[in-house]
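Build out the structure end to end from the sequences listed, making use of the hints.
Protein chains: 2
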Amino acid sequence: MTRAFISETIGKEAGASVQLSGWVQRRRDLGGLIFIDLRDRSGVIQIVFNPEISEKALNTAEDVRSEYVINISGTISKRDASQVNPNIDTGEIEVIVNDIDVISKAKTPPFHIQDETVTEDVKLKYRYLDLRRPKLQNILKLRHRLKQSVSRFLDEEGFIDVETPVLSKSTPEGARDYLVPSRVHEGEFYALPQSPQIYKQLLMLSGMEKYYQIVKCFRDEDLRADRQPEFTQIDIEQSFVDQEDVIALNEKMITQIMKDVKGVEVTTPFQRITHDEAMAKYGVDKPDTRFGLHLQDITEFSRTTEFKVFKSTAESGGMVNALVIPDKADAYSRKDIDKLESFVKTYGAKGLAWMKSSEDGFTGPIAKFFDEDKQAELKSLLGIGSNDLVLFVADKKKVVHASLGNLRNKLGKDLGLINKEQFNFLWVTDWPLLEYDEDNDRYVAAHHPFTSPKKEDEDKLETAPEEVKANAYDIVLNGYELGGGSIRIHDRTLQERMFRTLGFTDEERDDQFGFLLEAFTYGAPPHGGIAYGFDRFVMLLAGTDNIRDVIAFPKTASASDLMMNAPSAVSEDQLEELHISVETEE
Amino acid sequence: MTRAFISETIGKEAGASVQLSGWVQRRRDLGGLIFIDLRDRSGVIQIVFNPEISEKALNTAEDVRSEYVINISGTISKRDASQVNPNIDTGEIEVIVNDIDVISKAKTPPFHIQDETVTEDVKLKYRYLDLRRPKLQNILKLRHRLKQSVSRFLDEEGFIDVETPVLSKSTPEGARDYLVPSRVHEGEFYALPQSPQIYKQLLMLSGMEKYYQIVKCFRDEDLRADRQPEFTQIDIEQSFVDQEDVIALNEKMITQIMKDVKGVEVTTPFQRITHDEAMAKYGVDKPDTRFGLHLQDITEFSRTTEFKVFKSTAESGGMVNALVIPDKADAYSRKDIDKLESFVKTYGAKGLAWMKSSEDGFTGPIAKFFDEDKQAELKSLLGIGSNDLVLFVADKKKVVHASLGNLRNKLGKDLGLINKEQFNFLWVTDWPLLEYDEDNDRYVAAHHPFTSPKKEDEDKLETAPEEVKANAYDIVLNGYELGGGSIRIHDRTLQERMFRTLGFTDEERDDQFGFLLEAFTYGAPPHGGIAYGFDRFVMLLAGTDNIRDVIAFPKTASASDLMMNAPSAVSEDQLEELHISVETEE
Numbered sequence: 011m012t013r014a015f016i017s018e019t020i021g022k023e024a025g026a027s028v029q030l031s032g033w034v035q036r037r038r039d040l041g042g043l044i045f046i047d048l049r050d051r052s053g054v055i056q057i058v059f060n061p062e063i064s065e066k067a068l069n070t071a072e073d074v075r076s077e078y079v080i081n082i083s084g085t086i087s088k089r090d091a092s093q094v095n096p097n098i099d100t101g102e103i104e105v106i107v108n109d110i111d112v113i114s115k116a117k118t119p120p121f122h123i124q125d126e127t128v129t130e131d132v133k134l135k136y137r138y139l140d141l142r143r144p145k146l147q148n149i150l151k152l153r154h155r156l157k158q159s160v161s162r163f164l165d166e167e168g169f170i171d172v173e174t175p176v177l178s179k180s181t182p183e184g185a186r187d188y189l190v191p192s193r194v195h196e197g198e199f200y201a202l203p204q205s206p207q208i209y210k211q212l213l214m215l216s217g218m219e220k221y222y223q224i225v226k227c228f229r230d231e232d233l234r235a236d237r238q239p240e241f242t243q244i245d246i247e248q249s250f251v252d253q254e255d256v257i258a259l260n261e262k263m264i265t266q267i268m269k270d271v272k273g274v275e276v277t278t279p280f281q282r283i284t285h286d287e288a289m290a291k292y293g294v295d296k297p298d299t300r301f302g303l304h305l306q307d308i309t310e311f312s313r314t315t316e317f318k319v320f321k322s323t324a325e326s327g328g329m330v331n332a333l334v335i336p337d338k339a340d341a342y343s344r345k346d347i348d349k350l351e352s353f354v355k356t357y358g359a360k361g362l363a364w365m366k367s368s369e370d371g372f373t374g375p376i377a378k379f380f381d382e383d384k385q386a387e388l389k390s391l392l393g394i395g396s397n398d399l400v401l402f403v404a405d406k407k408k409v410v411h412a413s414l415g416n417l418r419n420k421l422g423k424d425l426g427l428i429n430k431e432q433f434n435f436l437w438v439t440d441w442p443l444l445e446y447d448e449d450n451d452r453y454v455a456a457h458h459p460f461t462s463p464k465k466e467d468e469d470k471l472e473t474a475p476e477e478v479k480a481n482a483y484d485i486v487l488n489g490y491e492l493g494g495g496s497i498r499i500h501d502r503t504l505q506e507r508m509f510r511t512l513g514f515t516d517e518e519r520d521d522q523f524g525f526l527l528e529a530f531t532y533g534a535p536p537h538g539g540i541a542y543g544f545d546r547f548v549m550l551l552a553g554t555d556n557i558r559d560v561i562a563f564p565k566t567a568s569a570s571d572l573m574m575n576a577p578s579a580v581s582e583d584q585l586e587e588l589h590i591s592v593e594t595e596e
Numbered sequence: 011m012t013r014a015f016i017s018e019t020i021g022k023e024a025g026a027s028v029q030l031s032g033w034v035q036r037r038r039d040l041g042g043l044i045f046i047d048l049r050d051r052s053g054v055i056q057i058v059f060n061p062e063i064s065e066k067a068l069n070t071a072e073d074v075r076s077e078y079v080i081n082i083s084g085t086i087s088k089r090d091a092s093q094v095n096p097n098i099d100t101g102e103i104e105v106i107v108n109d110i111d112v113i114s115k116a117k118t119p120p121f122h123i124q125d126e127t128v129t130e131d132v133k134l135k136y137r138y139l140d141l142r143r144p145k146l147q148n149i150l151k152l153r154h155r156l157k158q159s160v161s162r163f164l165d166e167e168g169f170i171d172v173e174t175p176v177l178s179k180s181t182p183e184g185a186r187d188y189l190v191p192s193r194v195h196e197g198e199f200y201a202l203p204q205s206p207q208i209y210k211q212l213l214m215l216s217g218m219e220k221y222y223q224i225v226k227c228f229r230d231e232d233l234r235a236d237r238q239p240e241f242t243q244i245d246i247e248q249s250f251v252d253q254e255d256v257i258a259l260n261e262k263m264i265t266q267i268m269k270d271v272k273g274v275e276v277t278t279p280f281q282r283i284t285h286d287e288a289m290a291k292y293g294v295d296k297p298d299t300r301f302g303l304h305l306q307d308i309t310e311f312s313r314t315t316e317f318k319v320f321k322s323t324a325e326s327g328g329m330v331n332a333l334v335i336p337d338k339a340d341a342y343s344r345k346d347i348d349k350l351e352s353f354v355k356t357y358g359a360k361g362l363a364w365m366k367s368s369e370d371g372f373t374g375p376i377a378k379f380f381d382e383d384k385q386a387e388l389k390s391l392l393g394i395g396s397n398d399l400v401l402f403v404a405d406k407k408k409v410v411h412a413s414l415g416n417l418r419n420k421l422g423k424d425l426g427l428i429n430k431e432q433f434n435f436l437w438v439t440d441w442p443l444l445e446y447d448e449d450n451d452r453y454v455a456a457h458h459p460f461t462s463p464k465k466e467d468e469d470k471l472e473t474a475p476e477e478v479k480a481n482a483y484d485i486v487l488n489g490y491e492l493g494g495g496s497i498r499i500h501d502r503t504l505q506e507r508m509f510r511t512l513g514f515t516d517e518e519r520d521d522q523f524g525f526l527l528e529a530f531t532y533g534a535p536p537h538g539g540i541a542y543g544f545d546r547f548v549m550l551l552a553g554t555d556n557i558r559d560v561i562a563f564p565k566t567a568s569a570s571d572l573m574m575n576a577p578s579a580v581s582e583d584q585l586e587e588l589h590i591s592v593e594t595e596e
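Chains as they are written, first to last, in the working numbering: chain A, 11 to 596; chain B, 11 to 596.
Hints should not be assumed to be uniformly reliable.
You can't tell identical chains apart in this list, so a pair holds if it fits in one copy or across any two.
Restricting the straight-line Cα-Cα distance to at most 27 Å, the calculated cross-link-like pairs of lysine-lysine (DSS-like) are [claimed, not checked]: (1) K226 / K151; (2) K318 / K349; (3) K423 / K407; (4) K423 / K338; (5) K151 / K262; (6) K406 / K378; (7) K430 / K269; (8) K115 / K464; (9) K226 / K135; (10) K338 / K378; (11) K465 / K66.
No lab work stands behind these hints: they were computed from the structure.
Have a look at this one:
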């Protein structure tokens, strides 16, 4: 008889022999018997030590404590109806133990495994204990299932998993690189890749045609709650395709994933929205479409009002938007609304104007600026009912979108408008190719410098860069960016124009990307693809909002591994071999 | 109609419409027609431009050159029997082109894609062109298939793919680390992992039970022909198992792999040999069992001969071994044997003694030292026939094994004794736990410090370390180490004894591995596993002996990427942020 997983005992006949191995979750002594909750990867089961079955086993069990590792053999017994434990899968049975082996004793752990209140630093130091929690184990299993699902799907679609280098080259575009000093080449450094972008394009130039990789990428940025210095990307690239091909493939893939990982049927095609529409309707470029509360533009209306704040904003090229919260006029006190105002101020809004509708018209501090006609006009324009709260921001377009877009997301949560069982996939298309970086007074690539402009906008690359739309698309799930991609430039001349618009000198361009430009001259197929943030995908499917839950050995917000104690000092000999020295700040 | 792969045209009816995309491999003008060999990832096909079908397409085709990327549409036509090209899979058909689109022009490439004589440096600089060779593409496809096969198999066996950190901690054991300076923690460094050893053990301590990963590992060593600074490992670890469980799982996996990837049925169980036996019989720890030519020990016999070299070696604790090459006495001239002697000298042997057998007895310079009786004794002892070449080395055991073991491998190849279609998998078991490092006058771990000693040898850990055998095993394929593993230590006291035997002070031990030792005290399951060199596995299955053939973007022997130009200099600002400076040698 070989060892079985605890989950394998379910459905076994009474009297069947089993051999189990695992950790002691809990021990209770009761009426001369000992009861142990035994845990392994697959579940928990109650095992019983009875002196009438084995005095020896019972004696051994007396010394057993929490987190001891034991092997037992015994026989399945059905519990009385009154004893059934509905909280565990094996709750209808227990195992009567014949024999026990203590494999490993355990000191009292620094915290109780199931205790969720322990500080995260302590849990990270003892990550191997925290990982004993079924919640984290289940997330890692889900992560595994997602990876399997993606790679099986892509394999069946003819994609080839090609590994690209981790020891790569530093490029000044993008985020900060992690560097690796070379021992052989004095004073030179590798960089850890921020993405395999260039490599995957070269694979297309080499005729690989369909490539994918689930791959670690690295960014040395100051960490936020949902960032880690190393993260995993699902990277997909294909030749001889346009945007529609990429979208079709990815909808098929996501349908498969949702079936495999969540048992959920999603319907295709997914909803699509252009970037402009998304901003106008939701204020953000990754809208959560599980609820309404659309932003409404009343800039034109504002030109004709008496209310100066609106009027002057509209007349000076700004924007006025409204957010109507139906049937909530009586639910929000002035104090509640003050809190909403504080919220929008963090996004740069100077204030939050508001009115409440009732059977008798509008109330609120600004209602008096709108006469009866204007009130009627506004009511009809915004589709206002009889008990609605109406919120307004008048400001520069960017501020209006950011403040009301984020307020909308907050209200969606606060008001319980979101069905958490729903998975709303959404394509955001027609992104701008470039963004103007005011700090550095130059255009930067909205995605990256290899994204192609829409054919019809190519002419504007030099004359009106801000108007050029890109062949770029993001896939959004429930308000989170799941992935993004584009059809790439595959023409040397166009790529050179792009670099020029980005402010590269010819020398900088050739120095950094000369090999890629040259590669385009030996027969380049059109190509494009997409990259998913794998960790975030897992987070969304697992329903957690802590990225550390989806990574087996995560780093802290200061990029430390508290368990291994990394980073750490190294020997002078090591540094000398690498031709570097540490410069301590005076 | 959407674009088809060229391989999909095979079996299509004459007259069927197809749309193809790919690269122009060759163009020929013949009798007013133009013939192009069109290449995509899946194969090559002949396409024909005929003025009677489309004058316009013909005109366009006239400007087309090698490596142009084109789209064509046309109809399938069966070739006349006399025109069939047996060299390509599509040789029975051709496509008559209606329409052609030139997608991308191509300059004349720096070398002809199919030219195998170009220097490797040029090919590495233009790797994306070299990767257009079907040979390399097929190897990358095989690599992909192997990865798929392994991960599907392990998934079905209940193993979970868990990603471990790339930004890890430097440990002084093992090879040289690649270091990554930390920006946040001044003067501190991460290290790229040489293997996920510690992490996978911690996953076992966390109760993950069955883990695998196909993962990049890093070693900053001086490169040899079959080494790269970054390499890929198949890493498998399991709890509650012994050596037999690991061997059974891996035999099942390899059987599946060989079926999936090579279409070959291998039989299990695989042959097994202890490390001692392997050394005695083959002189090496990774024997190629596809041919015989065993080393034979004649040390005892040597004690009783008149031949001083043998006698004194035997008496002074050395060893004398013979290698009998049947029926080759007449095939080896004295000059040939001199070459064999030069070969063994590179392994430290002082010389290569030899005799030839004939109907009339032995000939050769040392034959005279053996009288008739001794010659008869030797003949019977070694099973010598009537036309055999017998080679001897008398030296220290280590030298005898290295020189004759490697000579055996050389002769196996030279004499054509190897069936290249054969896949001989072999387990080498019962490795020594420790090796004595004469340079540093201390014991080092033969595998790594976490390998467990055999239960029955534990007592000798302090008293006779060199005699302790380990629960360690290697899987060998055709004379190459494919992978190796062990059952690990899971007990704090035993792990501490191991570190002591390895010469760690208590402080060093706690500083580097304190967290692991502590982890053992909270309930540790027995566990063990194996790691395969994935790149080498691909090499052996692909039948190439150049590791750069199995890696999409390999580095040179000096760890350079000639295409990207990495490593490279970085800006002073980048270094300053990382608190380091370059120390140029004066």
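Outcome of the hint check:
no.	hint	verdict
1	K226 / K151	both (19 Å within a copy, 21 Å between copies)
2	K318 / K349	within (24 Å within a copy, 101 Å between copies)
3	K423 / K407	within (24 Å within a copy, 76 Å between copies)
4	K423 / K338	within (14 Å within a copy, 86 Å between copies)
5	K151 / K262	both (23 Å within a copy, 23 Å between copies)
6	K406 / K378	within (24 Å within a copy, 106 Å between copies)
7	K430 / K269	within (17 Å within a copy, 45 Å between copies)
8	K115 / K464	between (66 Å within a copy, 21 Å between copies)
9	K226 / K135	both (23 Å within a copy, 25 Å between copies)
10	K338 / K378	within (21 Å within a copy, 113 Å between copies)
11	K465 / K66	between (82 Å within a copy, 25 Å between copies)
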